[in-house]
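Bring the two chains, given one by one in their own frames, into a single complex with the hints.
Chains as they are written, first to last, in this note's numbering: chain A, 6 to 313; chain B, 122 to 440.
If you are wondering where the hints come from, they were derived from the structure by calculation, not from laboratory data.
Where a beta carbon is used, it is the ideal one built from N, C-alpha and C, also for glycine.
One should not assume that every hint holds.
Stated by the list, open to error - Derived list of chain A stretches under chain B, where covered just means 3 residues or more per stretch with a C-beta under 8 Å from a C-beta of chain B:
1. 88-95
2. 114-128
3. 241-254
Chain by chain, the residues run as shown.
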Amino acid sequence: MTRAAPVRQAPTSRPPAPPPQQWTRDRVEDVLFGVLGWVVIAVLVAVTLLPFYYMVILSVRSLDEVILRPGALWPDSFDLSTYVSVLASPDDGGQGFLLFLRNSAVIAVLTVVVTLLAAIPGAYAISRLQFAGRRQVSTLFLAVYLFPAILLAVPLFVFFSAVGLRGSLVGLLVVYVAQTVPISIYLLRNYFETVPVSLEEAAAVDGASRWTILTRISLPLAMPAVVSNALYVFMIAWNEFLFALLFLAEDRERWTVSLGLSQLAGSIEIPTTVLMAGSVLLTLPIVVLFFLAERLLVEGLTSGAEKG
Amino acid sequence: MTLSTRAPRIRTVAQRDARFGQLLLAPTLLIVLVVVVVPILWTVVLAFQDLRLIDLRRRGLFGSFTLDNIIGILTSPGFWTALRTTLLFSIVGTVASIGVGLIAALALRRTFRGRTFVRASMLLPYVAPVVAVTFVWQTMLNPQFGIVNAVGTDLLGWDDPVAFLSQRSAPVSVFGVEVEVPVALLTVMAFETWRYFPFAFLFLTARIAALPGDLEEAAVMDGATVSQRFRYVVFPQLLPTIALLAVLRFIFTFNEFDDIYLLTGGAAGTEVVSVRVYDLLTARGDVGAASAQALVLALVLVVLLGLYFRFVGRPGEEP
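With the rest of the complex left out, here is chain B (with noise of 0.2 Å):
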């Protein structure tokens, strides 16, 4: 691959190009350190201490050692509610949007004026500002002057307008039978499967380009229909890139912070993890709580890819 593996070459060549890849690579180096490895290490260390937001220039930065704020995390009846909607919260979300992605991947497989541009709308949802799309949403969903809430009351026959975004649950008949249904948070997931199909649609779409044509037309010639030449034919090659989507999607899923919180702010049985550890860090200043919040959602993101590697397997390539 390189030039000084491909043809023999005298050593003083090889060592400079050696010492030249490192001057070149310095720079990059240096940020990623002082900016991520340095202050992931000190999240671990500021986890085990009491240090408080007001007390930062009295105290300065290293103080005893204590093993209170992850006694207290791990005690605390809102962080099992917060990691148990985290969960619930990641794993639709990464269904939902993977299998709307394919879909739209699939449909989106026949040639017709326009498809470019399709295609390319599909994305708008995963590029566009957060903070705009939000703030969209919100508005649609406003229970005063939304559109869905009046196309829902007038067209729809709610007796209601229904406060999506602040109603913790609702009861909802289906076929008789009242079930309570977790409004909020049903909508922050249909959010999040809005705006990141689009990142499984996009990969899904390159892996079906790339898929060699001959298999799927010895399927036809053999008469297989269309589910079957899918089910057996297309969806075999598309597993590999399907299981890398599914670990990239629950990853970025599960430390989702800024739908969550500039969708709802975590009211209404939205309070994800993350932003319990925002608003332990800024509302109420508590380094050391917060250290110790994020740390053990890493680690509870660590076991969980670990048993997925264990059981589920390696994705074959990297993203």
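The shape of chain A in the complex, shown without the other chains (with noise of 0.2 Å):
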């Protein structure tokens, strides 16, 4: 069935519409597209959230539980032990993942501070100053964007090793700047672009300097940018895996929660159920962050698709 040519037309009336009992195709498929979309979207929430309700069941779920009744979808007790278990310090019994979310946090909030900070005047000049070099500084950070992290893993192992400072949270801060400014400074100049010029040439007449104009006009027009910008960048240093993985495997002291999780998740000893406590508390703070600031990140991170 071609239908494409009728499509283009300027349309004049409908067709005469089939008597209602008729099962004509278009009827057909409406109250079958109109089932399947109910379907579909039954199954897709159920597929995406059923592992993140299992995660918080099985954490709160006794191990003998478990394994005895492993299709259990509904806890028969509820046991918080596990979180005080996954919590409390290795002096005291637990995995300690006390110290490891504080690291978690300490690592995340600075790259964000660190990453705005280099950010924001960047993406500034990019939007809004005419410099040599301007295009292929874009270019580089899109490039960068794209570029496999696994190929960076290798050469930043071995300087790091080399000048001793793998096992620093600072070495693990640099890498991770590197890795979101690009990225922010991307977000954060499709929305300086929004701000009407008119402003600022206004600020210019009245004598502002640049920098003026920046911080007094720009940035604040340009905040609800720089929240959900602040947000991705926690999320992504929050949830880093890699290059945590590499620097500061063989330190208990400094792991993060991912890493911690993970380099705990293989031992037989730790019971599953208090290992399933460590990724809710892990997860939380993200499912938070993100229900909080939903609209804004996803309105950031597609500007650029709707336009098409």
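Structure, rendered in structure tokens:
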């Protein structure tokens, strides 16, 4: 059936509607896709949410019960001792996740701060100021965003080993910032470009310097984008695994939550339910942040796509 | 677009702007050069050196040059197997995640109570920490106490629990024909689809929301059915976005490390090139071989992208 041609013509009138009882192709498809759509939505919701639900449920069930009834989707008892056990320090017989949470928070917050300090002026420069090499810098940042992390892993691992910085949080921070600044500049640049130039020109006429314009006019107007960008960077740093593994694996005191969970996951002595509590603690901050800022984040990330 | 090109201004302002722009960008540029550009160039140098991690302090960072690493990689059977696995994994992962993302985006065009919540939940697999979700998958698929095998053996009549993540292949009979199915590889592909369909969903939803409504309305007036409207009106307008997504997803899947390392560690026929790079670097401490491997991976990717742009064309827009 090719109906492409009529589609392009200006509509004149709808073809005579068939009697309601007749099963035309149109009606069959309406019913079919109408039902299919709901089925798809139900399946997708189940598939995306079930693992998270299972994570929470398993973290409050007792291990015996899990082994006895592995298919149960509702806990017989709520046992929160797993959380105590996973948070407590190893000296007290726990897994030390409290320390890991602190490490992750420190690294993620520092990454956000340093990234924004570099990205806000950088994005402003690329969106508003004309200078030699501007275009090339943009291309370079895009290339960095697309560049595989595993390729960077080898030289950075060797270099940090050679200078003895491998176990330090500073080394990791530098790597995270380098990976998040380019994408931040890209996202913020799109936003700065929507700030009306006339506002800045008015300020310039009144004698404001470029720095004043940036900090007093453009930045306050771009605040929604800055906040969504900060959350995005926080999520990247909090979730990051490869470089944490390469740099910090040897020193348990410095493990992040992601690294800690992955290192302990293979162990036979630690009950899966306890580690599941750890995995809830790892996921929870991200899910909370995401639902708080979902609209901001989605708009920020897809602002380029909508222009088509 | 910018102040200086828009209005005719005296030169000094333009010059001052230029200097200020470079100053603002300097910190970012510095860190990107030091942590990204220089290391990449250095990878190339390392790939042609015989360097092991234990020699590092004694020998320094520059030794004599050799082709042994590259030759060693290209002649080792493990590399070609890993490259084939990587390609298969990338193609299936890319196509499946975009396909599911498209279906999800289309299904969620209808308005209903709670749609915002459903849309946001669709993004969870993508934003959640990879270590947490791989751990949950491992537990769910566990042969002893995982829920999938419990449901499979109790309700679906499986004879034995399936070791989804540690079994290389299993015979499955389809219409009486025995076929060997790569179990672990299919499982990591399923995980990849689950984790990344939200990425395609996100971009396609944004694009669909921005589609002009009059074309579809005209199609309705002309009596086009649901499937015809999709085939001839909606889909053509989504093609540029899909092409862009295909490139992005292929690049990211081709270099994927976390998912496979965390799920299977590269065992049971799931060893991709990036996991090999990691093993060469940490388990064997063979810096030269790891660099050569990473370099070959990057070159293969560049060649594939070159072919894509040559034959399929450049996507209309940058991401």
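Open item on the list: Let me make sure I understand: some of the numbered hints might not hold for this structure. Which ones are they, in numerical order?
Closed with: 1
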